[in-house]
Amino acid sequence: MSRTFFEFARRNLQRNLFRSLLAVVGIVIGVLAISSMGILGNSLTLSVTEELSTVGDSLSVIPHSGMGSQFGGGMVQDKITERQVQDLRRIVGSNPVIPFYSTADRIQVGTKSGVASIYAMDPDDMPKIVEVEKGIMIRGNSGILAGPRIADQFDLKVGSQIRFENGDTQRVVGILKERGLGFDIQPDYSLIVPSRWYEDRNDEKGYDQVIIKVRDIDEVDTLEKAIDDRFNRREDVLDTFSSKEILSSIQQVFGQISTFTTAIGGISLIVAGISILNVMMMSVTERTKEIGILRSIGTLRSEVRQMFIYEALMLGAVGSVLGGLLSFGGGFLISLLVLQTTQYLFHPASLSAIALGMGFGIATALLSGLYPAWKASNLNPIEALRYE
Amino acid sequence: METVTAVGSDDPVLIRFDDVSKVYPLPAGDVVALDRVSLTVVRGEFIAIMGPSGSGKTTLLNLIGCLDVPTSGRLVINGRDVADLTDDDLTYLRRDTIGFIFQHFNLIPLLSVMENVEYPLILKCKDRDACGMKPFEVLKAAGLDDERLYTHKPNELSGGQQQRVAIARALVNDPSLLLCDEPTGNLDQKTGKAIMDLLAEMNRAGKTIIMVTHDLGIASYANRQVRIVDGRIMEDTG
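In the order they appear, the protein sequences are chains X and W. All residue numbers in the first sequence are consecutive under our numbering, ending with 388. All residue numbers in the second sequence are consecutive under our numbering, ending with 238.
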């Protein structure tokens, strides 16, 4: 039964092939827009999440900023003392605590010179936070590890000599593996030196930052609270922030961007819906006589309605499937342009963006078909028969 | 399967108009298309309804065809008072009890000859495969012997052939009543005569036929003539 009406709908779309195709194109564009934007949004979120999660979950502790302005003339402190580090170690238990100095210096490598960001830390802590790609880790109190980006910048290789502003020289013993954007430190763009060597040359009252590698993600909040309780009871001394927090706020922002771009795609679907409505209304008007005949020889209103809804669904389904297929191409291109990678194209989240786009496409077509179908089914058969 | 033929199918009276009026409300004032008409149609009759245009004969036909309902009075078709019927019931009544034959054939251009004939049957039995040989039988009965024509679209056929397809379509659900609106109006005289001979044959086979025409020669095929003027029956030979 419904097969007959299905066939009817198919033939009618074929009869007005050009017009049907135009309506399909509208849906294709709408689905393509929604899906591609969805894929981009998801890929963006995924890429950021992935880059950030390679850092592992770490808790950064830095001296509270803006202390000097506080009333009561509390001790002005912009360093973390050895004693505070010991306290931190007690609080976090077995989780590794990595205190380090963060500074910058003018360096010279052969004929090249420039400013480099430098981290100074205990060589024992280095493997906990970075990986060496070429060369070896620092052992003892000499040697430099260079991040891959700064190595490119200064043409650093294992064995390269770096001259610091005060005239000291050190050799690069290892080039780090690229780590990507991080919240704790940015080793890709930095040099890492042993803390003892650094302390011997600088009079430091304390560390600039402490990173706590938290093994159990669920523990992050508890630790943050414990640190806060220990140090900041009377006044803010230390600030903590976790990669988890930042990650979730970034994900939230990207989620909003993704929703926004998808909404833009949605607008093109609305336009497509209007074009289907238009095509179907034309079809109802043109087929008034035919509807009259069908009604007079015993077709129910609901059956007429069914016929038109099938038409709308077919337009929607064809458009959505084409749009969905093209979305792989669209998503591929847009990811390549924006992210320079297409590795997230077949991720479930990206595929769900396509499914979402197709779902919206079919739903739009269906919605657009409801009114014409209702209109067709409510034609007065006598007047419809008389229509020429 | 919905059937509405069971009630009163033994009743010799197929259609009964009791004081039926049909009024069309128009902005310029009500138009009385049928004015308290009473008419009884017995099974097996072949009736010609005649009258000038605007006389109300098309309204009468629409009422018999369950395409419209009376404004007042009682209209009983095949034992059922149409006032009691929903739009769906009226549709079932049209589908199962009445075969329509139009002046302009009114075949569906999207469907082939065979599909046009099958269509009402599929509406009724809900399954193409259950159609059986009935479409073939009625096409043959309607005088379309050439099976090569069955896959053609209606517009590839002559007017006479199209009307034969329309007759086959009207017959396929085995209706009690054939309702014809100027069935030869679009045909040349020779073809028209052939079609009338076919209708007369259907009548002899037991179909009740009600036909609207203003052609006296065509009306003479009927065994009862009803003449309508200004919404009233002026003459009834039955």
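Possibly wrong hints are sitting among the right ones.
[What the hints assert, rightly or not] Derived DSSO-like pairs: lysine-lysine, alpha-carbon spacing no greater than 27 Å straight-line: (1) X:213 - X:177; (2) X:375 - W:140; (3) X:213 - X:112; (4) X:79 - X:112; (5) W:193 - W:126; (6) X:225 - X:177; (7) W:126 - W:140; (8) X:289 - W:153; (9) X:289 - W:126.
Calculated from the structure, these hints are not laboratory results. Predicted model only: the values in this text are computed from it and were never measured.
Quick rundown of the hints versus the structure:
1. X:213 - X:177: holds (19 Å)
2. X:375 - W:140: violated (38 Å)
3. X:213 - X:112: violated (36 Å)
4. X:79 - X:112: Violated, at about 32 Å.
5. W:193 - W:126: violated (36 Å)
6. X:225 - X:177: violated (33 Å)
7. W:126 - W:140: holds (23 Å)
8. X:289 - W:153: The hint holds at about 17 Å.
9. X:289 - W:126: holds (24 Å)
Of the numbered hints listed earlier, those contradicted by the structure are 2, 3, 4, 5, 6.
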